[in-house]
Amino acid sequence: MADPDLIITQDAISRIIEWARGGRLAALPRTALYTESARAMLDQLMSGSGGLDLNIGTTYRIQPADDGRIVLFDVPEHGQLARFTASLLSLAGIPAKCAPSDARLQLVPLDRDDGGLGLFILNSTGRKISADVFFPAEVTVCDMASYFTSQHCPSEDMVAPADRFTLEVPPCGVLPLAVDGLGLDVEERKAAAVSSRVLEQKVTEAAENELPGLAQSEDMGALWN
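Residue numbers (my numbering): 25 to 249.
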């Protein structure tokens with residue numbers, strides 16, 4: 025995804041399009057920061073046949089480019105960023121590593137060198153939030169500070185492996201966690217798609233239980249994607 029504050033030249037747009045044609049997804053912002061020649065090249069591509077316009081709170085257009093796709097998007101508001109990013113990951117075929125039951129929380133997962141995951145849970149509201157975090161498989165979690173002290177999760181700080189954890193995040197705070205158990209070998213990766221569908225179902229069920237009537241008033245599949 026290109027930085028919305030970046031000036032995009034004809035050479036840059038040409039490289040991005042060529043990169044996407046190889047079966048990848050490239051996301052470009054609708055801004056005024058394109059050179060005239062870059063804008064002409066982008067407009068020519070996006071006006072082609074087969075495009076699809078979508079609106080999930082953020083408006084964007086998906087345009088095929090040989091084996092890949094180009095997404096041209098309106099820069100999302102802060103509150104829509106997480107949903108838009110999840111939509112891009114879904115389009116790119118990248119399964120979610122985790123998901124919260126409360127949309128007010130933002131999850132920032134970062135791969136560790138040892139194959140584990142560093143997970144930062146952000147609460148930008150002025151109130152404490154208690155919510156569940158779902159994983160596609162059973163994992164172990166511990167406090168990030170404890171992990172960095174000993175380079176592993178101490179047994180006294182580690183909870184039993186599970187695929188769902190209930191956590192409390194302080195107001196305007198960040199909860200840093202070390203997560204182990206998501207490292208997949210080649211055979212396990214074949215089951216990742218099934219696991220991601222199970223994860224989606226769990227999140228949907230939790231949302232319906234906590235917010236009665238949501239299933240009748242919202243398209244849950246659209247909320248996930």
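Think of the hints as simulated: they come from the structure by calculation, not from any bench.
This one's a predicted model, so the numbers in the text were calculated from it and none came from an experiment.
Hints may contain errors.
The following label-pair restraints were derived from C-beta to C-beta distances [as the list claims (entries may be wrong)]:
{"no.": "1", "residue 1": "I80", "residue 2": "A184", "range": "17 to 27 Å"}
{"no.": "2", "residue 1": "S148", "residue 2": "S38", "range": "21 to 31 Å"}
{"no.": "3", "residue 1": "S71", "residue 2": "A127", "range": "29 to 39 Å"}
{"no.": "4", "residue 1": "A127", "residue 2": "L30", "range": "27 to 37 Å"}
Beta carbons: idealized from backbone N, C-alpha and C, even for Gly.
Hint check:
1. For I80 and A184, the Cβ-Cβ distance of about 36 Å falls outside the hinted range of 17 to 27 Å, so the restraint is violated.
2. One distance hint, 21 to 31 Å for the beta-carbon pair S148 and S38, is violated here, with the actual separation near 38 Å.
3. At about 35 Å, the CB distance of S71 to A127 agrees with the hint of 29 to 39 Å.
4. About 28 Å separates the C-beta atoms of A127 and L30, a value consistent with the hinted range of 27 to 37 Å.
Consistency with the previously given hints fails for numbers 1, 2, ordered from lowest to highest.
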